[in-house]
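Peer 1: Given chain Z, put chain H in place with the hints provided.
Now for the letters of each chain:
2 protein chains.
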Amino acid sequence: MKKIILIAFLFSCCIAVNGQQNTLNLMPVPKEFLLKDGKFRLTNKFTIRILPDKQKSDMSTNDRRATDTILYKAINRFYQQLNRKTGLVFSQQYIAPDDKLDSASMGIMPPSKGQSGIDQDENYYLFVDKNNIGVIAPNTIGVLHSLQTVLQLLAKDDDGYYFPCVQIHDSPRFKWRGLMLDVARHFISYDEIKRNIDAMAAVKMNVLHWHLTDDEGFRVESKAFPLLHQKGSNGDYYTQAQLKEIVKYAAERGIVVVPEFDMPGHAQTWFVGYQELASQPGPYHPGSRMQWQKEHPEIKTPPVTSIADIVANMVAPTFDPTNEKVYDFLDKFIGEMSGIFPSGYMHIGADENNGMAWKLNPKIMDWMKQHQMQSIDDLQRYFVERVYGLMKKHHRAMIGWEEIYNDKLPKDAIVHKWIPSDNSMIKSYGIANDIAQHNPVLISEGFYLDLFLPAYVHYNNASIAAANSPNILGGEAAQWTELADDNNIDGRIWPRAAAVAERLWSPASVTDVDDMYRRLFVLSNQLDEQGLNHLTNYERALRRLIDGGSTEHLQTLTDVLTPVKGYRKLIAGMMKAPQAAYQTTPLTSVSDIIPTDPATKRKFRALVKLYLEKKDKNAEEAIREYLQTWKQNDNYLKTSFVGNKRLQEIADHSKNLSAGAAIGLEALDRMDKGISDNAWVQKQSDALAVFEKAHYETELAVIPEIEELVIGHTIAEPEKYSAF
Amino acid sequence: MKKIILIAFLFSCCIAVNGQQNTLNLMPVPKEFLLKDGKFRLTNKFTIRILPDKQKSDMSTNDRRATDTILYKAINRFYQQLNRKTGLVFSQQYIAPDDKLDSASMGIMPPSKGQSGIDQDENYYLFVDKNNIGVIAPNTIGVLHSLQTVLQLLAKDDDGYYFPCVQIHDSPRFKWRGLMLDVARHFISYDEIKRNIDAMAAVKMNVLHWHLTDDEGFRVESKAFPLLHQKGSNGDYYTQAQLKEIVKYAAERGIVVVPEFDMPGHAQTWFVGYQELASQPGPYHPGSRMQWQKEHPEIKTPPVTSIADIVANMVAPTFDPTNEKVYDFLDKFIGEMSGIFPSGYMHIGADENNGMAWKLNPKIMDWMKQHQMQSIDDLQRYFVERVYGLMKKHHRAMIGWEEIYNDKLPKDAIVHKWIPSDNSMIKSYGIANDIAQHNPVLISEGFYLDLFLPAYVHYNNASIAAANSPNILGGEAAQWTELADDNNIDGRIWPRAAAVAERLWSPASVTDVDDMYRRLFVLSNQLDEQGLNHLTNYERALRRLIDGGSTEHLQTLTDVLTPVKGYRKLIAGMMKAPQAAYQTTPLTSVSDIIPTDPATKRKFRALVKLYLEKKDKNAEEAIREYLQTWKQNDNYLKTSFVGNKRLQEIADHSKNLSAGAAIGLEALDRMDKGISDNAWVQKQSDALAVFEKAHYETELAVIPEIEELVIGHTIAEPEKYSAF
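Same order as they appear, the protein sequences are chains Z and H. For the record, in the first sequence the residue sitting at position 394 is 438 according to the numbering used here, with numbers rising by one throughout. For the record, in the second sequence the residue sitting at position 551 is 595 according to the numbering used here, with numbers rising by one throughout.
Chain Z with its partners taken away, still in its complex shape (with noise of 0.2 Å):
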């Protein structure tokens, strides 16, 4: 380890970034960052070499294989997408070990150890001079990292392309930066999870929480009990031969796979196959579990007149944790799937059961009385406990979403915070710091992609920043998928996932939202470019929506829209189509292909507070070609609407944006000539108030912007935003 101690003290100049310094481009924030003068030159001379290392005979040769293979893999990719991204033609081709270099221009220590993996150090060194950059990290996935650092370094100027000198020493502020997707609800392709892993790589993620069993779908192919995704499925499932292809895939760019198979509830699919193992008589289907409640009237429940109801009073598909075959079956199914997932941990959901399904089961309540159980939270906590067990037996940390909290739980139990302290429909376990002080904590609660929020709202998570306890080991960005598939996933979780990713690694003194936001889009330009789809996915949609003219005009408006927040749009689409399945119903509607936080909104925003705030004619300029575009994009959109239902459904935004930006425009022409008048004021921002009314799950996103020009000063965004 001299090395490293030798580095440090050679970085021993590097301060730490405050968030208020020159941050680049680098998403997430390096931990300690020091910006120097000079640029080292990119070059079609540009060379890359291992540095021999004589620790190296400490390792195991196995252990040398698998750390070469990862790390000379990841290299030559690093190497290919500066090439391409550059248009140089190397002169090196490859990296290899045997390449007989005398000196390169970036040299890499070799790490001494080839693990990745959660507790892994993540730490990395990296400088970049005029002349040479070096690289140094106990562990591969130190190396890993410093990769990615060193793409988004990359810039340009006249002379053409470049890397800043820097000093870097860097390592996260959380040791688990996940992203949960659930593939249940729409299947999400093989290749799509690939792009998602490289996207991952490229923000330091380090957990894929794969969502892979719910009602709708058992997304795993099962040797053991093949009818689990014969029958719990429509065909839309991976192979074992893929799922052990995505592992891999994952650890090359050091990320772990973790698996969730969700029970006792979210089970229908499992129950298809074998209904046996449910605590109703079924029969059992693919589908959404208030469906299967619809399909089973015979089930007499309380009446259901609010969402809180719902919850309270669903009868849904559910292990009967009474029956021992269900455990005898799990603990088949869990060694299996132990032999396809390495990482050592497994997430059992344990999430939303009411247990109304073990209530309307006579024989159920009499095993209870039996055991002297008095409540549901006692059979749940009984069930949970004997899953436990199962996992201790296949050598497997157990998580679970909070509702696997209970005072008798575990204490190398994992508890997945989710449940927002002040929902009003499910009661939170308790906040996340007080559960931590009983079991480790992950954090998804204010990460939840799908609920349609800025960004900022997920980068200001008051749950993180409030984070006390070491034993809360990070947390997980989340994208469940009833309005999301393969067609606009990449747009529903980017670039927004990468914003919880800097929350999870950057230092806590990171906190400023506006740069966050300059890097983010940068960011998401750098992901296009790396094959992630979604903005092409977008502009083909669009496309798809025209029916193949010019989709110019349709751009300028949807660019400035964005989907309802919160649970509403999911509620718009079940009273529209109840009959919709999730995995048939097409999500080609302006709603489901805009994107969640969109640029041009944010881009308008950052200009009007700088003309607010510093009075920037520059900015004005800008403004005002953005409201000129808009005043005049009516006129030439409308005509796309005749015989178009969906583009019809943006026709009223269509026109108040138009007026929108006519107000705006005439509140620049009054703050130029110093006009005040209150009553004007008045009028325009009743007229904003009703533009910026939802239509068809869509909302004008730049009315807020329109209005603090009318009042002439800017207005802080909501933290919050209600879910209903």
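Hints listed in this document are in silico derivations from the structure and should not be mistaken for laboratory results. Computed from a predicted model, the values in this text were never measured in an experiment.
Which copy? The list can't say, so a pair holds if one copy fits it or any two copies do.
Quick list of in silico lysine-lysine cross-link-like pairs, BS3-like style, CA-CA up to 27 Å:
| hint | residue 1 | residue 2 |
| --- | --- | --- |
| 1 | 129 | 238 |
| 2 | 238 | 117 |
| 3 | 647 | 682 |
| 4 | 144 | 620 |
| 5 | 682 | 661 |
Peer 2: Okay, now just chain H, sitting in the frame of chain Z:
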């Protein structure tokens, strides 16, 4: 077969399409097609039913199960594509064999045969009337084709989506309609292959000819000889599981996969791990054959002063046909691959072996003498015969490029014609009709997509036009990948391959190039909507080039650029960066990313024709709009060139487009005013001739049309372009 006869009778009113009729947006144009009055209106009540079939008991259970799987999967994909395109939430969610519908909007008579393959009956009958859609086909493959036709019929009016009422009886002109895809020069990923299969299915192609091995890469995993993929590639190859998945994926779309393992030449990657199979001692590594010779200066050959010399005198890595171990090896290898590719066809390449590697090996020369062989041709024939024997043993029909052809070639070997009869570099083995008197023939002559030619050249393929033998099975579009990788290949192949598909499917009488282009770009949009990336990758690449700014003005220019034709771009690349290896060369310059046959050029050309031939005023208006945009474009764009080397390559074109557009506008003004001035015409033509010149491997595509405006009449486009 009674049903077929009945339907054939109902269709007797159908008139053969002669290319002048309304072809709607169908591509390929069906054999017999009748457009009728009325529309079938698509609503969310649209249902599909497979009609009950009493004849089914004739089939074996296995046959039926295979049919049903492919059939139902295809129908459900079709259904999903319809609902995604239209946004309708259909009440029927999946089409299943046990559907209990009494009636349905669309009825499909179950096919009596389930196989797909080269020699299957591909007929289908399709009718759309106001209330019903009906499909009947003897074979599943016919149903698959009919579904693609229905998708292409989808249209929209002010009331929403509908299908026009039609009667169609369709079957192909040729039974072999392939795409040859090289994955050796650049590896093309698993996902890309699937996307291309989808596009092939959309235009009723039925053979994927997969060029899996060459000097630059061995792309299949071999368990019998693992050094083939391990040492013969850079790590990019398909696992056997992936190969099987692709074969299955293709079969589900009616497409047969024919693998090619190139031998005795183009074989360097066999020898990296198995040097003993080669004619020269080596060493070998994946890379260009020309590079290999440079690395072996000890091999003395005649001097090289021209490309023709290279072809004649290059010493390239080649199998040793006198070594019995070669045939033992190939026996085992062909056996292994036969288990993966069930099609019954295997392509052995056998192209471009000049025999130099044999001539310079004294042992091989001695062996030839002992065996009374007079020439290299004899030895080539001997090798091909031996491999033919191995193919027989493994029940494969052997295909080879035309270099396998000689008068003793067994009559069932398939000869793949590729060398243009008027080629000056390599001697052709005869025209297709002549070869077909002895052997079955496939035609790729005139179908080389990698020569950057416009679609009409392939569409007017003279070899196909002249084809008069039933022994000509069909043909294949061919895409070699020196200049294509995952990021641009969709645009290199599509939409032009669809023109080849139509040439091979539709009656010979379908020859209207203007109508072909109209439909080609409609199809291009459909392929984009269905997930092909030819448009999105182009836009993504533009974003990469402009580094975050707006691509609007850049695209205005690049939309009318085209890569230089023939092998000029390939040769220029080799000159510029001799160190380049295909796999690692960045294909991100303008000439790499632009479409080969730009839609804007075709639309502009059609307008100019309409204006010049019919004096159409609307056309003139549209032409002026294009010209005005182009005239102003350089002013906007030129600031982007500063410090951007790759964009500087098109700076001259940008100036010339604006200057050329000004000339075009003046030409219109003069025509409007009736001014005739030969001196002016001459001067402007001279200027345009300069603008037409290539810069950095791109050309301005719309100069010929501006020239037409200047001289006042249309000029036919060339039927041929030289390759060098």
